[in-house]
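Protein sequences, first through last, are from chains A and B.
Anchor point for the first sequence: position 31 equals 31 in the numbering used here, and the numbering is continuous, going up by one each time.
Add 1000 to the 1-based position in the second sequence for the numbering used here, that's all there is to it.
Just to be clear, a hint being listed does not mean it is correct.
Taking CB as the label site, the calculated pair distances span [stated by the list, open to error]:
hint : chain 1 : residue 1 : chain 2 : residue 2 : range
1    : B       : Ala1110   : A       : Val37     : 27 to 35 Å
2    : B       : Gly1120   : A       : Ile85     : 41 to 49 Å
3    : A       : Arg153    : B       : Ser1146   : 47 to 55 Å
4    : A       : Ile172    : B       : Thr1042   : 29 to 37 Å
5    : B       : Thr1060   : A       : Arg218    : 30 to 38 Å
6    : B       : Glu1064   : A       : Arg14     : 46 to 54 Å
Over the 10 Å line for every Cβ pair with chain A, so calculated as not near, a few chain B residues [what the hints assert, rightly or not]:
hint : residue
7    : Glu1002
8    : Gly1050
9    : Leu1051
10   : Ala1063
11   : His1071
12   : Leu1079
13   : His1092
14   : Gly1093
15   : Arg1112
16   : Leu1117
17   : Arg1161
18   : Gly1165
19   : Gly1178
20   : Arg1193
To be clear, the hints were calculated from the coordinates, so they are not data collected in a lab.
The structure displayed is predicted, hence computed values, not measured ones.
Cβ atoms here follow ideal geometry from the backbone N, Cα and C, with glycine treated the same way.
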Amino acid sequence: MTALLLRDLRLAVRAGGGFGLGLAFFLIMVVLVPLGVGPEGELLARIAPGILWVGALLACLLSLDRIFALDHEDGSLDLLATAPIPLEGAVTMKAMAHWMTTGLPLVLAAPVLGLLLNLPGGGYVWLVASLALGTPALSVIGTFGAALTVGLRRGGLLLSLLVLPLYVPTLIFGAEVVRRGAEGLSVTTPLLLLAGITLGSIALLPFASAAAIRINLR
Amino acid sequence: MEMTVAGLACARGGLPILEGVSFHLGPGQVLILRGPNGIGKTTLLRTLAGLQPPLAGTITAPAETVAYAAHADGLKAVLTVQENLQFWARIHGTDTVSEALEAMNLADLADRQARNLSAGQKRRLGLARLLVAGRPVWILDEPTVSLDAASVALFAGVVRRHLAGGGITLIATHIDLGLEEAAVLDLSGFKARYQSGAFDEAFA
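Just need the whole structure built from these sequences, with the hints factored in.
Written out as structure tokens, the structure is:
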């Protein structure tokens, strides 16, 4: 199964697009917001947690349709479905590769961008922590959406519509962690809920994704 | 390794297209499927490969014993020939990449990116995957598309070696591979009769 992860990482790095796209979108969005809102430090500091989380979420959404579409086009998905590794494991590896190429760079870039948005000092630790904890859920939920729409012509729109509502709880609790952290309040409750969403998604959704792929390959 | 198929019926897009397909293959036997376009050769092969469930009937060879090669080769354009094959070898837990490259006459191209291969070379690489899968049943859907005469002969030799090792091969093809020992099954006789209510059954 690590072979699949390594192949996907290698493909993402060599093909360029997959790797940089999400990060570039995140950078552009967060750089543009202060320009659009104006130089009011207090206002920026107040909206910073929300903007950073919405940016990370949309950046994740951008590359979701690539998770299975390319493998479906060139026939690899058929071959993976008949391979000796369980399809549940294969989709988990796909989600992990997506997180490592999309979510992880966002986590690393977020503190720098927090600076641009005048995020208060206490928020940085919780920004990194909440993104590190929450973005795996975005990748796993997104993989489920991609599995549902694999093989559909122009499935991208449907994929976004399916996945966005599922992203909402992650967004709410993720941004809440950063907001409370920035204001110096206790972050325990939203952080635990965020962890719960991520762990629950990782535990359950690979089975749903694999079932969806099996049905879509028929 | 043996493969017995009895009373198999399969559907494409929810509509039954084949029914009553039965055959038996012992070790070292090869079956060539024939029939006009659209009769359901690909559908039958996908069913046998375990990619879709049959509507009825039984297949004794489990999907875990089947290596399936379809129209799409499952190649990644930005990986080299070696890397493409190495990936499938690792997925299948085998270590016969160099032998497979040699057998399909790809050793000289090992470090070339798959996007720079010709159509025939891609096909040879796609077929080389069968050799690293290490599975006894080969299910091949039009394997000779875009191969030249020399490559067809090369591939026929590879199939013969597989059969000599006790393997089983099913091939859907319109081109003569030169496998004189092959049994031929014409699917025209197994076309599913149109039944009223077939729609409802398919979606039930």
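Hints and how they fare:
For the pair Ala1110/B and Val37/A, the supplied restraint of 27 to 35 Å is violated, since their beta-carbon distance comes to about 55 Å. In this structure the hint that Gly1120/B and Ile85/A lie 41 to 49 Å apart at CB is violated, the actual value being about 30 Å. Hint check: Arg153/A to Ser1146/B, Cβ distance near 26 Å, so the stated range 47 to 55 Å is violated. For Ile172/A and Thr1042/B, the Cβ-Cβ distance of about 47 Å falls outside the hinted range of 29 to 37 Å, so the restraint is violated.
Take Thr1060/B and Arg218/A: their Cβ atoms lie about 21 Å apart, and the range 30 to 38 Å is violated. Distance hint check for Glu1064/B and Arg14/A: the Cβ-Cβ separation is about 32 Å, which falls outside the suggested range of 46 to 54 Å. No Cβ of chain A approaches the Cβ of Glu1002/B within 10 Å, the least distance being about 20 Å, so the stated non-interface status holds. Distance check for Gly1050/B against chain A: the nearest CB is about 6 Å away, which does not clear 10 Å, and the non-interface claim fails.
Its closest Cβ contact with chain A, about 5 Å, brings Leu1051/B to no more than 10 Å, contrary to its assignment away from the interface. Against the 10 Å criterion, Ala1063/B falls within the reach of chain A, whose nearest CB is about 6 Å from its own CB. Non-interface status of His1071/B relative to chain A is broken: a Cβ of that chain comes within 10 Å, the nearest being about 7 Å off. Remark: the non-interface label on Leu1079/B conflicts with the geometry, its nearest Cβ contact in chain A lying 7 Å away (cut-off 10 Å).
With a minimum CB-CB distance of about 6 Å to chain A, His1092/B fails to clear the 10 Å threshold, and the non-interface call is violated. The claim that Gly1093/B lies off the interface is violated: its Cβ sits roughly 7 Å from the closest Cβ of chain A, which falls inside the 10 Å cut-off. The Cβ of Arg1112/B sits about 14 Å from the closest Cβ of chain A, beyond the 10 Å cut-off, so the non-interface label holds. No Cβ of chain A comes within 10 Å of the Cβ of Leu1117/B; the nearest lies about 13 Å off, and the non-interface call holds.
Consistency note on Arg1161/B: stated as away from chain A, and its beta-carbon is indeed over 10 Å from all of that chain's, at 22 Å minimum. Every CB of chain A is more than 10 Å from the CB of Gly1165/B (nearest about 19 Å), matching its label as outside the interface. Taking the minimum C-beta to C-beta distance to chain A, about 26 Å, the non-interface status of Gly1178/B holds against the 10 Å cut. Every beta carbon of chain A lies more than 10 Å from that of Arg1193/B, the smallest distance being close to 22 Å; the non-interface claim holds.
Hints 1, 2, 3, 4, 5, 6, 8, 9, 10, 11, 12, 13 and 14 from the earlier list are contradicted by this structure; the remaining hints agree with it.
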